[in-house]
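Student: Sequence lines, in order, name chains W and S. Residue numbers for the first sequence follow numbering that gives the first Met the number 0, so the first one is 0 and each next one is one higher. Residue numbers for the second sequence follow numbering that gives the first Met the number 0, so the first one is 0 and each next one is one higher.
Please note: incorrect hints may appear among the correct ones.
Interface residues of chain W toward chain S, partial, derived using beta-carbon atoms under 7 Å [claimed, not checked]: (1) Ser639; (2) Pro641; (3) Asp642; (4) Gln647; (5) Val655; (6) Ile656; (7) Asn726; (8) Ile728; (9) Ala745; (10) Ala748; (11) Phe752.
Just so you know, these hints were derived from the structure itself, not from any lab. Even glycine gets a Cβ: it sits at the ideal position worked out from N, Cα and C.
Residues per chain, in single letters:
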Amino acid sequence: MLIAVLAGFVLAMFAPVLTRWLGHRVGWVMALYPAAVMIWLAGQVPQVMQGGGLYFEQAWAPSLGLSLSFWLDGLSLMFGLLISGIGTLILLYASGYMKGDPRVGRFYAIMLCFMSSMLGVVMADGLMSLFVFWELTSITSYLLIGFDHEDEKARKSALQGLLVTFSGGLALMSGLIMLNLVTGSWSLREIIGGEVSLRDNALYLPILLCLLGGAFTKSAQFPFHFWLPNAMAAPTPVSAFLHSATMVKAGIYLMARISPEFSGTSAWTLILCVFGAVTMLTGAFLALRFSGIKKVLAYSTIMALGTLTMLLGIGSEAALIAFVAFLFAHSLYKGALFMVAGSLDHETGTKDIDAMGGLFRKMPVTALSALVAALSLGGIIPLFGFVAKELLFEAVLATSQLTTFLLAMTLVSSILVVAAAGIVALRPFFGALKETPKTPHEAPVTMLAGPFILAGLSLILGFLPPLVGQPILAPAARAVMGGELTMSLYLWHGINTALIMSMVSLLLGLVICWQWRRVRGLIARLNPLLDRGPESGYWRLMDGLVRFSEWQTRVLQNGHMRNYLLMTLTVFVGLTGYALLVRHSLSLNLALDMRIHEIVVAAVTAASAVAACLMRSRLAAVAASGVMGFGIALLFLLFSAPDLAITQLLIETLTVILLILVLFRMPRFADLSTAGERIRDAIVALLTGALMSLLVLTMYDVNLFPSISEYMVDNSVDLAHGHNIVNVILVDFRALDTLGEIFVLALAATGVFAMLKLQTREKKAR
Amino acid sequence: MKTGTLILSVAARMLVPLQVLFSIFLLLRGHNEPGGGFIAGLVVAGAFALHQFVYGPAATRRLLRVDPRDCIGFGLVLGVVSALPAWLAGEAFMTAQWWPVLNTPLIFDVGVYLVVLGSVLTAVITLTEVDKDDY
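Between the sequences and the hints, there should be enough to build the whole structure, so can you do that?
Tutor: Okay, here's the thing in structure tokens:
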């Protein structure tokens, strides 16, 4: 399991190298990873059908009770299969789509990282592992949305997606931590199957709100829906994968995952139903507003996500069956449609539906796939989408609360979605052939396979829904339900209310599709209102943030080292001095036992410090501070700390070298400060020094905590096989700290390099 | 291009290899005696800094063969890699593993050594090169 999830990251490292050897054909190699994962997952199906599952655990930080653990049950399995299956097709598709692009290597590297993180999300068992993978999907999708990083719009969209999902991620983290506080466990499996009842807990609502905050932002629920259509700036294979099958479904996954433990309360039902329904309608309505094919698809995705949320909110057995069926159907047809959109863009050079027409003859296979997938999107018999839609209507009809509201919303949305499906599938392919930037011809085989297979699946499963129902959907629905349920999917439900609703929506939808241009004109009249939607709030927030940070940068980060020092030291003296004087009674033990040579070294050190302040030449000042450093090193030696002394000596040497190099570049020595400022600085410096001395002397007497050095001294040889305790601490006991330190060091060096090189380049440019 | 005096250049020619050797000695004995990756990294950085003062940054780059920035990256990778074998042994992340000859703290220490070496030299060489560009 660990291998299944992490292999993608490892493979991603080699993607650029492999690309150099194989060119765009590297997609074939890369697709082996998701294909292998899919086969492995398919092999687990029988076991999961029996109600079993897989569990894997690896200690991570045992002292905190954290472990890296994975858990495969029906729900994870369904998501995993979708991710790996669609992922395989997308990677193959991308090898055609990205052909000739010099950035193929980078593309596959990020794509694989994303795939692995996504698999991690749906299989994670530990709350923290879930969170880590969750954030990884945000980061990788940021890189993917902003893949055309030279395009400002792509960069902005990527940042928008990142900020929205990250703010949700923060909410999610607090939710997960509260969940741990209440249940005392880090494991999802234990929490969901556990005895602690969350519904009666006082923290139930805060936890729910936090978790939903994460899920809603990720899954683009109203009012956070705006980032998803903007994310269409990504290359189409990315949109097809992230924004149809996977990333946006992570939020849905989370809600489904916690549903057994959280659902059923009025808060759950109300929030999910209302937000889901509003999102559903918003998405379906806005889909008709745009003529960009990817935008239409993106908004219809929002509609689907809203529907899924609503179904989870209803939470009845019928609703959950509809949930899994709809989710599965949506992944199939939306993946196919996005790939079709990419092919159209690739072959015609435009994304505008208005600019396309009559392409059926030029691209028959693409058109056929699009048609079948769109029929599924519109929920038209005999596609799998129809099965899902019937279930959806039935589930909504059977609700006990909010029935009229939900029913009306569902009906209107499905009318609009039929229209959207018609627009996507009919307009580009039929009618008169139009002039496009590129002469259209059929897409290459790699780009046909994906949409064709997915659309074909929609068709086959429409006739034979049990093919997928028993092995995959039923275990998933059981996992969401948290109990047993009976599931029987079939295509023909007989003539009932649901069917009539389907017919009505089909008819009205086609009318809208036919009159699309007029409808768009009508919607355009609402533009002033729509422009004031949640997205404008986001932009206003961003502008405010920029202004605020500019202001505080001017005030705090004004580029003068002496100001930083002054501020840092004053705050330090103020706070520490306060704590020291008020919290502790000062009882200094001044009976120090000093030898004559120690006094001499200390005096020389102090004198050189004073000299460094008074020198009129820079070189002399550097030399004086060098003397001070060597004096300190000598003190370390006298008190038998050879490691410290060596380090101090070397650091001192290198500091002098660096200082001299910097000083070469400085203007002549000059007095820039007034006498008053100098006195102020001197006072601050003296106070700081005095406080440090006081602190050291106090620490000598006060013993707040039992010292840990005893432990280190005792165990250094036994546990770490080393006699040099300093080094043992650095590389073994406290290795994590050291790891952090070397990263800081590397960052600092990179900073120096960037600053100096950049400056030089600017100078040269001038 | 030579910049240093005769004494300095002769001294550097003898000192640099010695310092490099000494740094490796410090690195390896660090676990039991004063030394270790950090100190050794500083020593070797000092050696190359000396070399650079005498022969100029271009010569030092040639001597190093690798860009000091690559040293940083490679060191960080070693640091992270040394944390992983514990997983294979089924222990908590970063638990030290001891094998004959090699052990993870040593790998980690070598990582520290490379990062320190790389960081200091990046700063020193860049500063000198910028000087050259300017004047």
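Student: Next, verify each hint and record whether it holds.
Tutor: Each hint tested on the structure:
A least Cβ separation of about 10 Å between W/Ser639 and chain S goes past the 7 Å threshold, and the interface hint is therefore violated. Checking W/Pro641 against chain S by beta carbon gives a least distance of about 4 Å; that is within 7 Å, so the hint holds. The interface hint given for W/Asp642 is met, as the beta carbon of that residue sits about 5 Å from the closest beta carbon of chain S, less than 7 Å. At a threshold of 7 Å, the smallest CB-CB gap from W/Gln647 to chain S is about 10 Å, leaving the interface hint violated.
Interface hint status for W/Val655: violated, as the beta-carbon distance to the closest one in chain S is roughly 10 Å, over 7 Å. Taken as an interface hint, W/Ile656 checks out: its beta carbon lies about 5 Å from the nearest beta carbon of chain S, inside 7 Å. Below 7 Å, beta-carbon pairs count as interface contacts, and W/Asn726 has one with chain S at about 4 Å; its hint therefore holds. At a threshold of 7 Å, the smallest CB-CB gap from W/Ile728 to chain S is about 10 Å, leaving the interface hint violated.
At its closest, the beta carbon of W/Ala745 sits 5 Å from a beta carbon of chain S; the interface hint therefore holds under the 7 Å criterion. Because the smallest distance between the Cβ of W/Ala748 and any Cβ of chain S comes to about 4 Å, under 7 Å, the interface hint for this residue holds. Satisfaction of the interface hint for W/Phe752 is found here, the shortest Cβ-Cβ separation to chain S being roughly 5 Å, below the 7 Å cut-off.
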